[in-house]
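Place chain L with the ligands on chain B using the hints.
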Amino acid sequence: MKNMWIIAKKDLGSFFSSPVFYSLTSVFLILNGFIFFNILNFFSLQSFQAQQMRGGGIGLNLNEMVVEPSFHNMAVILLLIIPLVTMRSFAEEKKSKTFALLLSSPIHLIEIIVGKFVACMIVVGLMILLSAYSTGYLILVGNPEMGPIITGYLGILLMTGCYVAMGLFASSLTDNQIIAAVISFGLALFMWIIGWGAQAGGSGLGQLLEYLSLITHLEHFLKGLISSSDLVYYLSFIFFGLFLTHRVLESSRWR
Amino acid sequence: MIEVEQLSKSYGPREAIKNLSFQIEKGEVVGFLGPNGAGKSTTMNILSCIMPASSGTAKICGFDVFEQALEIRKLIGYLPETPPLYSDMVVYDYLSFAARLRNVPLKNTQSAVEQVIEKCSLKEARERIIGRLSKGYQQRVGIAQAMVHNPDILILDEPTIGLDPIQIIEIRKLIQELALSHTIILSSHILPEITQICKRVIIISDGQIAAVDSLDALTTRLHKGERLLLEVRQNSSEILEKLRALKKVNAVTEHQPAHFTIDCEPNADIQDKIAQLSLDNKWGIVELKPVSMTLEDIFLKLTLEENKVQQ
Ligand SMILES: Nc1ncnc2c1ncn2[C@@H]1O[C@H](COP(=O)(O)OP(=O)(O)O)[C@@H](O)[C@H]1O
Ligand SMILES: [Mg+2]
Numbered sequence: 338m339k340n341m342w343i344i345a346k347k348d349l350g351s352f353f354s355s356p357v358f359y360s361l362t363s364v365f366l367i368l369n370g371f372i373f374f375n376i377l378n379f380f381s382l383q384s385f386q387a388q389q390m391r392g393g394g395i396g397l398n399l400n401e402m403v404v405e406p407s408f409h410n411m412a413v414i415l416l417l418i419i420p421l422v423t424m425r426s427f428a429e430e431k432k433s434k435t436f437a438l439l440l441s442s443p444i445h446l447i448e449i450i451v452g453k454f455v456a457c458m459i460v461v462g463l464m465i466l467l468s469a470y471s472t473g474y475l476i477l478v479g480n481p482e483m484g485p486i487i488t489g490y491l492g493i494l495l496m497t498g499c500y501v502a503m504g505l506f507a508s509s510l511t512d513n514q515i516i517a518a519v520i521s522f523g524l525a526l527f528m529w530i531i532g533w534g535a536q537a538g539g540s541g542l543g544q545l546l547e548y549l550s551l552i553t554h555l556e557h558f559l560k561g562l563i564s565s566s567d568l569v570y571y572l573s574f575i576f577f578g579l580f581l582t583h584r585v586l587e588s589s590r591w592r
Numbered sequence: 115m116i117e118v119e120q121l122s123k124s125y126g127p128r129e130a131i132k133n134l135s136f137q138i139e140k141g142e143v144v145g146f147l148g149p150n151g152a153g154k155s156t157t158m159n160i161l162s163c164i165m166p167a168s169s170g171t172a173k174i175c176g177f178d179v180f181e182q183a184l185e186i187r188k189l190i191g192y193l194p195e196t197p198p199l200y201s202d203m204v205v206y207d208y209l210s211f212a213a214r215l216r217n218v219p220l221k222n223t224q225s226a227v228e229q230v231i232e233k234c235s236l237k238e239a240r241e242r243i244i245g246r247l248s249k250g251y252q253q254r255v256g257i258a259q260a261m262v263h264n265p266d267i268l269i270l271d272e273p274t275i276g277l278d279p280i281q282i283i284e285i286r287k288l289i290q291e292l293a294l295s296h297t298i299i300l301s302s303h304i305l306p307e308i309t310q311i312c313k314r315v316i317i318i319s320d321g322q323i324a325a326v327d328s329l330d331a332l333t334t335r336l337h338k339g340e341r342l343l344l345e346v347r348q349n350s351s352e353i354l355e356k357l358r359a360l361k362k363v364n365a366v367t368e369h370q371p372a373h374f375t376i377d378c379e380p381n382a383d384i385q386d387k388i389a390q391l392s393l394d395n396k397w398g399i400v401e402l403k404p405v406s407m408t409l410e411d412i413f414l415k416l417t418l419e420e421n422k423v424q425q
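Chain order of the listed sequences is B and L. Each residue of the first sequence is one higher than the one before, counting from 338 in this note's numbering. Each residue of the second sequence is one higher than the one before, counting from 115 in this note's numbering.
With the rest of the complex left out, here is chain B (with noise of 0.2 Å):
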């Protein structure tokens, strides 16, 4: 547990001294930013064009059209930056030699791996929020049913779970840090679109790649709901890919 926040603190450091975090967070927010607007200016010409229709009365759903849109962005926009925060983490060690020095430390291999995705997450997860001030402007002006937003904000922060499982293991194989993005930005994106093969694949397999997509299971949090099924495919799914993370250093120390 020390070893990991050694390790993470570490990789924390050489994020925040470096460019390349500040670029991706201010791609990050300018286009969360962006999205959000045009939602939020759609949604009020849409129920201002239904209060003339109706003559006032029932307004429309906040979270069905402002923030379930939002968050669904925010995904594909993770989707796209998350490559980019994971890839150096193992790569960029291994190109400089300086994994030699954590492997000739005192420290589990499994202690190096969970302490970068810890980093990893950390970075994400400040992204995350400070993104949060769209939400806290719509809870500020509208009132939006806050357990879709909290379940929401859940749901994501799994799911970049998950992007970074893939990325890290991405980054495990390679010591090239844009070989590294492009395998975990095509591994995500496939996890993504495993679903759409559900129709082609008849019922038994159908279900099967579509409880396997990562977006699947986003939904049911997006709309407040929490179930344990989700909540098992999204956990294992960071195991199975810190795991795997595992079995590729393990055994290039073999070769």
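No wet-lab data here; the hints were simulated from the structure. No false leads were slipped in.
To be clear about the criterion: a stretch of chain B counts as covered by chain L if any three or more of its residues have a C-beta under 8 Å from a C-beta of chain L, and this derived list gives those stretches: (1) 347 to 356; (2) 426 to 438.
Label-pair distances were calculated between CB atoms; the ranges are: (3) B:G543 with L:I275: 57 to 63 Å; (4) L:N264 with B:L562: 52 to 58 Å; (5) L:E117 with B:S355: 43 to 49 Å; (6) B:L463 with L:S235: 38 to 44 Å; (7) B:L568 with L:S169: 45 to 51 Å; (8) B:L568 with L:L189: 40 to 46 Å; (9) B:K434 with L:I304: 19 to 25 Å; (10) L:N222 with B:I487: 41 to 47 Å; (11) L:N222 with B:S573: 38 to 44 Å; (12) B:L568 with L:L294: 57 to 63 Å.
Every residue gets a Cβ at the ideal spot worked out from N, C-alpha and C, and that includes glycine.
Relative to the frame of chain B, chain L with the ligands by itself:
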């Protein structure tokens, strides 16, 4: 303290080291000598538990490098061939990180780091970013990293590689100081530091041990021939021929004008004859003296002989 038995390692089909066996006692300073590709780094990586061996065993303080790697890693400090430096980190932070990684308790970290900064003369560099330091300073940070937790054993892989002569002398001095209180294994393919620092050498070539011995013993053992240095006042081409014609002389080279190196058979006792010859021919002797062969020669010889045996 270190026992290595029948250690082998293959990278795919390629055998990097074959059946290495040797022992190192506590407090010894041992040099690993061999040309590039001999298998020095591979052996050191195995001893530092970075990679497992293909077969054979290695034990450090009774701990097996494979079974009890974690215990061993507490005992050793390792400087790999490429120093493991984070180029974006400040020296002080880097050394604190290394100390924490090696189980130095938080409250002792500061004093441990201050100590190595002092020992490795890193005072001026402590607040600087590693990537911007000179190669010599970087190497010192690498050594500091290896000793920040005050390990019993230091494993240094080519600590002077790529440095300029002044930096080399500084690093060597540092290692000599460390040698007073640590067991050190040091590898090199350029030799002077081995003669200066190590009392015992393990010579490897092509992944096999060519010799393990103390420096003195090695010198005597290989002292199969003697070497004389002759300097004369008057230079003429006949000198070479006349010297070569002498009995028991193996080779003569003129390494600079009027300076000759004469390799002869052991116990040839031909100084008298050379002196006589020079008197007869009026060369005018300035100097005639025996020289002991440097380790470099020994090393060259060793690898040459090994190759001859194989062919
Ligand atoms: N990672 C590796 N993969 C394949 N071959 C390697 C690897 N590392 C070293 N070798 C080979 O093993 C041999 C020994 O290398 P090394 O231990 O680095 O020698 P040295 O340190 O004495 O120069 C060399 O022939 C080298 O080409
Ligand atoms: Mg080497």
